[in-house]
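With chain A's structure known, arrange chain R on it following the hints.
Here the protein sequences line up with chains A and R, keeping their order.
Quick note: the first sequence uses the working numbering, first residue 12, plus one each step.
Quick note: the second sequence uses the working numbering, first residue 340, plus one each step.
No wet-lab data here; the hints were simulated from the structure.
Take these hints with a grain of salt, some might be off.
To be verified - When the alpha-carbon atoms are kept at most 20 Å apart in a straight line, the in silico SDA-like pairs for lysine to any residue are as follows:
#	chain 1	residue 1	chain 2	residue 2
1	A	92	A	20
2	R	692	A	96
3	A	77	R	767
4	R	357	A	120
Note that the coordinates shown come from a computational prediction; the quantities given were computed from them, not determined experimentally.
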Amino acid sequence: MMNLDKRTPIIQMHNIVKTYNIGKENELEILHGIDLTVYAGEFVAIVGESGSGKSTLMNIIGVLDKPTSGEYFLDGVNVQKASPDEMSDVRNQKIGFVFQNFNLIGRTTAQKNVELPMLYAGASRQARAKRAQALLEMVGMGERRNHQPNELSGGQKQRVAIARSLINDPSILLADEPTGALDSETSRHVMDIFHRLHQEQGKTIVLITHSQELAAECPRIITLRDGRIISDQKGGVAHVDF
Amino acid sequence: MSIFENIHLAFTSLRANKLRSLLTMLGIIIGIGSVIAITTVGDSLSGSITKEMDGFGARNVTLTVTQKDDPFANGTAFDLSSDDFNAILDNFEYKEPSSDDFITDEMLNEYSQKFKDQLETVAVSNDLGSISATNGRYKAGGSLIGCNPGKAAIDKLQMLSGRFITDKDNQDLRAIAVVSDLFVQQYFGGKLTAEQALGQSFETDLSGTPLKFYIAGVYQYKEADGSVPTSKKQDTNVYIPIASGNQLLQKSNGYQTVTLQSKSDVDNQVFMDRTRSFFNSFYARNPNFTVSVSSMEDMMKSVTKMTQSVQLGISAIAGISLLVGGIGVMNIMMVSVTERTREIGIRMALGAKSRVILFQFIVEAMIICMIGGLIGVGLGVGLGSLGATLMHYPAKPSMVSALVAVLFSMGIGVFFGYYPAKRAARLDPIEALRYE
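Next up, chain A with everything else stripped away, as it sits in the complex (with noise of 0.2 Å):
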C-alpha cells in the first residue's frame, strides 16, 4: 500500500456526513463518515443499491452540493470552505460529468453542447471550437458535430457527452450511471471509451453505478450500502479490443 500513498491523491475525503433536513421532525442522515482516497489515474467504481447514499455521495464529489460535516479536499482545494462562484470554478475545470440521461441542452449543436464548459471558462470561440473538433473526432462523432441532440441516438449523446466532459481537462471524470439508458451494445462501447482514457491518456474515472456487471471490471470498485463503505476491493482488468 505504500506504493500508492506516493501517489497524487485527487480526492481526499475524511469522515464526510450528509444530513438532510436538519433540526425537523424528517432528519435524516445519509452518508455516515465517509473516508476515501482515489489518487491519479485511478478507475474506480462506486457501486450500491438505490438508497445506499450513492447519489448523494456523488453530489458531494461532484461539487453540486457540500457535506454537513467531515474534509473534502479536491485536487488540492478545500471544498467545504469553497464560495458558490468557487464551487462554479471547481465544477468547471476540475471535474467532467457524465450523465444516465446525457444532459445535452436542446436545439444547440453537439459541437456547441462540447464547447460549453469551455465557454463559461472563458475561452476564445476559435480555441473552443478547434478542441471541440478535435475532442468529437476522438469519440467518433467528428462528422456529426452540426447534429442537434434530438438528430441523435442515445450513444452518440454519450459521445458527445463524454467529449464535452474531457472539454476543460479536468482532474476526474465522473461518470453517473453512464451506461442506464443505453442498450448493451452501445453500453459496451461507451465503457470501452472510458477504459481507452483511462489506459491511454491516464485519466482519473470514478464510475457510478448499481451494477455489479459493470463496476466488475474496473480496476478497483468500492461498495455503499446504507451511506457507508463496505468494502473496498480490487477489481478485474477489462480486457477490451480497441
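Coordinates of chain R only, in the frame set by chain A:
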C-alpha cells in the same frame, strides 16, 4: 463569457421559440408602435401648423369687435363643466354689431399716434367676396379685398411693378386695384408683363354691381404654405382701397377687425396688454361690445398645447399597453425559466456561475423587448406617416423619439426580466438537474 456570447445565446433561444417570442413581443410592439405613431402625427401636425402660422405672421395682433358676454371670446367657455357650458350657450344671444360699435378711423389715428414708436403697421381690410373678370376668351378670378396701405406688410406682398394702395387712394375713393402677376397672366392671356399691365383696366361685377378698376400695382403671387392644398390655386387677392370698396357696397366706415404689427424689438405680450387697455377705454360705456386682442402666437401656443395634451393622453394609454407588454414578457420569462430548469441545472453543473445565468435571462428579455421595440418603431413610423399623409401634412418622424422608444423598451426588458432571471440564478443545480 462575453456580452456577445450572451447575445448570441439569447438569439439562439429566441429562434428556437419563434412564435412564442413574437407573441411576447406583441405588447411591446403595440405600445411602442402607438407612441411613435401618435408622436409622428402630432409632430407633423404641429410642425406644419407652426410653419403655416409663421407664414401668416405669428406676431400679427388682431383686434376684433366682440360681444362682451361671448363665452368663447372672454374664455369662460373653456373653464366650465359641460352643464354650465350649455347654460351659457343657451343664455348667449348673438347681436350684430352696428356701425356705432366698429373700430373707427379716429380711434386708429389716436392709437397710431400714441403707439407710434412701437407700431410697425396698422392694417384694415374687408373681404368683399369673390369676383371673376372676363377678357374675351381669357378669364381671371380672385377675392376682392378692400384694404389700407398696411395690408401689404401683413400679407407680405412683394411688388413687381407699380405701387400698393396709398392713403390718398382711400381719401379720393379711387377705383384702382393691385393684382397678382398670376391675375395679369390669366386676364391678359400672358400677353402683358407686370410692367405693361400698369394703367390697364379690367371689368368685373360684385353681386350684380358692375365694377371697373385700373391696375396700379402688380405683386408676386406666392403659393400658400397651407396645410390643406386648395383646389383653386388660381384664385388670388385683388386689393382695392377700403374706402372705395365700402362706398361701392354702401357699407359704413369702421372696421370689425384690424390687424397690427409691432416692431420686432417690442415684447408682443406687453404690446397686446397695452393695446387692449387702450381700446377698452373706448368701449367701457358700450353696453354690448368690446375689442378682443389676440395674436397668432397665442393661438399657436394653444394649438401646440392642445396637440401636446392629446399626445400625452394617448401616450399614457400606450404606456399602459407597455406595462401590460412588460408583464407579458415577465410571464413568458417565468414560463421559460420553469421550462428550462433542467438546462439551467446543466449549465450550472458545467460551471456557469449564478450571475452568468442571471445575465443570460436578462439579456434574453432585453433582446425580446428590443426587437419588439424596433418592430414597434417601424410600425409606428409607418402608421404615423400614413396618417399624416392622409391628413395632408408632411410626415415628420422623430429620430429622437424612435431612439428613446427602443432604449425604453430595452429598459422594460431589464426591469421585467430581472425577477425571472433572479429565479433562474437561484436554482439549486441538484434540484434543477433532477427536474423532468
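Hints, verified against the model:
1. A:92 to A:20: This hinted pair holds, its Cα atoms lying about 19 Å apart.
2. R:692 to A:96: holds (6 Å)
3. A:77 to R:767: Roughly 12 Å separates the two Cα atoms, so the pair holds.
4. R:357 to A:120: holds (18 Å)
Every hint, counting from the list given before, is met by this structure.
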